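So the sequences go chain by chain: V and E. For the first sequence, this note's numbering begins at 940 and goes up steadily by one. For the second sequence, this note's numbering begins at 614 and goes up steadily by one.
By construction, these hints were calculated from the structure, which means they are not laboratory data. There is no bait here: all hints are sound.
Below, a list of computed lysine to aspartate or glutamate pairs in the EDC-like style, where the Cα atoms sit at most 20 angstroms apart:
| id | chain 1 | residue 1 | chain 2 | residue 2 |
| --- | --- | --- | --- | --- |
| 1 | E | K640 | E | E720 |
| 2 | E | K640 | E | D718 |
| 3 | E | K668 | E | D1124 |
| 4 | E | K1062 | E | E1079 |
| 5 | E | K1062 | E | D976 |
| 6 | V | K1044 | E | D1310 |
| 7 | E | K1067 | E | D910 |
| 8 | E | K986 | E | D976 |
| 9 | V | K989 | E | E1227 |
| 10 | V | K989 | E | E1236 |
| 11 | E | K1254 | E | D1311 |
| 12 | E | K1075 | E | D983 |
| 13 | E | K1395 | V | E1036 |
| 14 | E | K717 | E | D976 |
| 15 | E | K1254 | V | E1043 |
| 16 | E | K668 | E | E808 |
| 17 | V | K1044 | E | D1311 |
| 18 | E | K771 | E | D1179 |
| 19 | V | K989 | E | D1231 |
| 20 | E | K1062 | E | E1074 |
| 21 | E | K771 | E | E720 |
| 22 | V | K989 | E | E1352 |
| 23 | V | K989 | E | D1344 |
| 24 | E | K1254 | E | D1310 |
| 25 | E | K1341 | E | E1227 |
| 26 | E | K1316 | V | E1043 |
| 27 | E | K1075 | E | D718 |
| 28 | E | K771 | E | D1175 |
| 29 | E | K1067 | E | E1079 |
| 30 | E | K907 | E | D983 |
Only a predicted model underlies this, so the values are computations on that prediction, with no experimental measurement involved.
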Amino acid sequence: MEILMAFIIGILFMSATYLMLSRSIVRIIIGTTVLSHGAHLLILTMGGLKGGSAPLVGENASAYTDPLPQALILTAIVIAFGVTALFLVLGYRSYKELGTDNMEKLRGTEGND
Amino acid sequence: MSLLHLAIIAPFLLAVFVPILYKHMKKVHTGWFVLPLPILLFAYFVSFISTTSNKQTVTESFSWISALGIDFTAKVDGLGLLFTLLITGIGALVVLYSIYYLSKDTEKLNTFYVYLLLFMGAMLGVVLSDNLIVLYLFWELTSFSSFLLIGYWYDREKSRYGAQKSMIITVFGGLAMLGGIILLYIMTGTFSITEIIAQSDVILSHPLFVPALLCFLLGAFTKSAQFPFHIWLPDAMEAPTPVSAYLHSATMVKAGIYLVARMSPVFAEHSLWLWLIAGFGLVTLFWGSFSAVKQTDLKSILAFSTVSQLGLIMSLLGIGAAALHFDNIDPALFTVATTAAVFHLINHATFKGSLFMVVGIVDHETGTRDIRKLGGLMNLMPITFTIAIIGAFSMAGLPPFNGFLSKEMFFTGMLSILNMDFNWGILFPVGAWIASVFTFIYSMIIVFKTFTGKYQPEKLEKKPHEAPIGMLISPIILASLVIIFGFFPNILSNSVLEPALQTIMPGFAFDVHIGFWHGFNAELLMTIGVVVVGILLYLTLSKWRSVYGIFPEKLALNRFYDNGLDWMQKGSHSLTNSYMSGSIRNYLAYMFSFIIILLTATLFGKDAFAVNTENVADIGPHEVILASMIAIASVAIMFTKTRITSIILTGTIGYLVSLFFVIFRAPDLALTQLVIETISVSLFLLCFYHLPKKLTDDPVSFKVRNAIIAVGVGAVVTLIALSAHSNKLFDSISQYYIENTYSEAAGGNMVNVILVDFRGFDTMFEITVLGIAALGIYGLIKLRKTGGKKL
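Bound conformation, chain E alone (with noise of 0.2 angstroms):
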């Protein structure tokens, strides 16, 4: 256990104290005690900035199931880093802002921040885990930690829709990502990323790689929400604000992205990789911001924002991964793919984490998010206001602004794929561009549509002003960050951007320079021509809004999602109902068959069974008499159709066993199945008065079905017999009894006292049972039930 293991573990520790401190402290809110673990685990990881940009990793490594190869193995290199600082940093910012956006006296602040430290801990486990299955447990613990913040207003209809969809989605794709983790063991031998990075070369020929790399991307991209995985991120937008800033759009969204850019080591030799990743990007970047201009709601705005630049990042790390596959182009112009795209991870939270700060704040103060409602909100607002304006220009791709460089980058990244031999590569700049425009007018409808434009105050539920400074800090810092990014983005460089290149694309050599200038060329351009069509549709939004109602409603992914959810809930439920029928005769049946098959199965799969004709005894001609009779009367029993006859010929079988038990010599089974026998049959003629007459017959294809498994049964039984006598695997232990029932007991008969010296406890529970089954024969004659009078 190092210091290293101690900061993913800490908040969890904290989590363990959060409701106490809740409980004891209600006049502190609960945040306060929370903050500063984050701000304190920023500091730490800042720390390893000087190791990572030497090239160094640091790697601590801590035993937990050795044996299977599942090490709690952590390790710093360049990629985890730049995630850590992400989470602690963006981590402290969402705290402090959450401290004045929920209230302490009406929200359940203890169950909140445990989660959200659950969310951090698991997010921060995920990034540094080196061991694959130690990262997939931290990868569904922040599935789970999304569903609980999701759900926190748990009595919202929308939040539990929200929630449980979110879960479904994800979790099913971490269950692929298992799959895939597996399917690298079973090709590699080791679950160490580093260890399976070694052996990438040897794996890409075996015939489950290509499973293997499906696997991931099917947990990426649900992860990431990537069409047509991305319906769970907006309806994710009924968490608490702080939390959508956090995880749903700065960190846990952002984990399959991680996933990608950690495993591109591994499979970005192979083609598919590239194609997959950068076509599924450059869906969803279109699609997300498509989608994103005709929402109403400004959360519903950011989070299809959010999908589309998830979108962005992915696709640019495909293109990237084309550096290691084709040999014959220069790798840098796909190089600058992957800088762009871990460079706009960076700006994403920062601009995206204003914005959403923005929205909530927009919402705490008015209460609502409608941009229906909302409007002129510009001079009650002049500090969110002005917020909103860096980070949506950001957003948007505008200079002076950090998004601006990366955009540019972008455009680089998507033009360097018409140096490939593929003639459909023209689609990708196209597709970029166009999602571009649109980007652009949703980010003006953000800014414009709230703050300036008719001011509604009858259509707001409060009277709005300025937040107060609290909450005002941490987007006040993001959108500064996005302002310090643009202007100098070489601080970035060296020390985070460069390590993180060199994790995802280890071989080559990274030397990033960020400028704003790069003369009159076709990126400039591209981005003019946006900013000028942007405009132009913006101002002319209502007139083509129409395009929106075009697309059929009932092709929309949403509803296929709740009708398959309504599906597979009726049919499980109907073919649950289709066998359990709540009749235990039915399940005996199953259980029958069940026998049939396992023993069978079992029998000649593990070629047990064998018939040994040697080492018998002898049969005498009484003995087959004996054995026709009981044979006879088994199978006459069988059809018999009146009491009488049934009791006598059960009777009929416990007296011939006895006698076999005689030729056996076995005189005290002999005896007492004599003497019980006599009982038994007594038991049933007494009980023969009450019983039916004439027993209930059973409708002739119910008799078929059960003869068919009786026979089975009976067959299986016989098998098992055979073999059982055939094969004698080890020594009786009998030999000890015979030998020591004199010496040690003093006793004669050997089965006696077996029965009561050597297995003594086994005959005390024997009268037990018997003690019971007493109890409950008298209680079934003697009690009744007398409505609560005493009889």
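Here chain V stands alone, though its shape is the one from the complex (with noise of 0.2 angstroms):
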């Protein structure tokens, strides 16, 4: 499972690459997005899978998946909503008042070039 789950990961980094690196501005927050959720597989994946039951007390089990993983991400997923939420309202605004998702187009607005 564990090399499965590599390979899913690297696709969804993969995936998450290429739409940063485009001019379009939704694909590069959706390239954000994406990369969010590769980190967060990345994390769980390390600290290895199904290592027991679900890190509950009550479930008096031997063994326990390991909760230190999940409560990072549990963070992180918090924190990519934020940061995607800012993302889009950006690139709202940003189309609004300048009327292009090219990011080609929006350089130089400043006077410097």
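Join the two chains, each given in its own frame, into one complex according to the hints.
Quick look at the structure:
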């Protein structure tokens, strides 16, 4: 399972990188979302999968799944959401104001070039 | 920390107080506060003469970075002492002179004396450090203070140009020297010069020996303005004249000679050392004296003259090294060259120092240094004229001055090269003789074009008269030394010369006796020849001056320097512009590429890549289906062209991930992910209307580049994920949380307890991040640019 996940994570990262390098601002935002999914799964896989029952004391199991990666990911999910929301609004506003989602055309409006 | 260390640091300490004294004691010239220090230091170092003349040395160590072998070890030996006396002695005279040269009403005296003290301390550090790294630090500090002093009148274009030029060339050499120091450390395992000398036999055959030797010579040649690096020295003449007299003729430019002398016991066994130093010295000697004759600015003449004299000393040191190199020839034949070098070093400081001060006086009193405008000042400035005669005649090598003695010894040294089995050896005495003729000519130009001939008051900015007595004291002292050393050279023999020579060439016996009369030998005939031919050529100067026009200006070294600098600036500018495109996306591409290279290299370089198929979790058919779906969705999202498909596919991935969380026994994650994904998709849909219908498409080549980078990143992450699973370097810290969740925090849900209890601060900051994001979103949606008016 870990081997399979390693490849899935690779595919997620690949897709995210490709999207983030694109010119369209919407693609870049989607890229960051996909990247966070990949990172979450990576953290989880590093900790080992299916090591026991869910990390709840009430389960009274002999072994539990590693709770630490889960705690990290929980934090990360929420922050990723905050970032995505901000980016999305940023994309929306810049499209409204400037009329394009092309990063190439957004260059040099400050008068540096 | 000893008194010796304090003596080195004292100038720096005084430099701290100079601005304060300048600010609060405006009525007194700041120089008067500075003057006592070099005098005190001079007296202090004179007290070492009795020690060094008994072939003793004084070493004081002060622990600094001992772990790296870097200690501030100060060592007084013959060579170091000779230089400290020059630095403090000439330093005192120059400070005294500067008090009258620089007006306290118009000049920024605080910065001037701070820089000057900075230099004095740095130079003392250079000549007293036994540790090469400490020596290097002080060495660069002298370059730096020289830069500041040349640029003292920084509102002048030429000052800035000269300052930059000297900085670039000397620091370039300094860096090369640092390379040499490190190579020596690799060979010997120590930075201490004393210990390196002890191992000099061992390192001679080391493959790094020659590179180290070349690096040190590069440092010495740039600092001592040897051909072709001499071009910075004439431009350094933009500095105030006291600075030129001090740094650019008496002390700093001799740091390269000091380095050669100091490192001779290490390198001189190698023939390369001998020939490079003697050869470059001779070329510099000739080129400097040849170029000096065509100058019209008095200071430029002196600058080229300094270049030439530095070449003279350098070539003598090179020939002296032959004593170590040739075993079958009597070393006394060559050590006379080293003796001449050290003796001339002292003489040069005296006569050149006095000449610089004379030129400073002429400049100060007439407002010009151009020999075409000057003339006939003899009657107006009799004392200055006398000093100029003494200095210039000594420089020309005429008796009874000290320059005559060292010039004779110089010829002896040059003739000694004929004893070597070397066909081209005759070039050395011939070149030396021709250079001496030119030296004679420019010495005469300095005196007679300035002080005799037609007086042209209409061309001068001021009405000239004799300088104030305070300004004359220093040159008078130096001129007296020229005469004293001329008549009684042996007062230097035992006290200064022999100990210094002993340091340069340990293992040889030195018994220096300098006398005027050696009979009608080759040297005397050479001197007579110089005088006769020199006078003839001086008198016919106007007839053959056109010789200088033959040399094409295009090939001048300065042109190479200027074009090179220009080319480098433009080159680095276009190079930087080629990749600093201002587009963040490009930078992102660099970063991703770099991540790929760095991580792959580390993974395989450290042999960390491993695939361990033991101890893996089982795979069910439903998991394979989910995994394929997520893979398909991720690949598909790369190729979508419309907004709605993108959003749906993003949502798909998110929900699939939450299903994976369920499978991997992470109920909290699954719940959170479901909620968040729902909100995200809603948010996407909310913005849906406002997002462009069709997404901007990229050109194909651009897509290919991105695809390559993307595949690379994906592959590297896969490799890391595999290795991370397969290598378990140490036990997880999770066990602690599993065991203590209930007992410490009284909670059943381990993930929740970690978040709100064990790692509560993380969660708090997470909330802060969300708060900031919320404020940002609010601002983006609500706030508008209204041109200053309220809505």
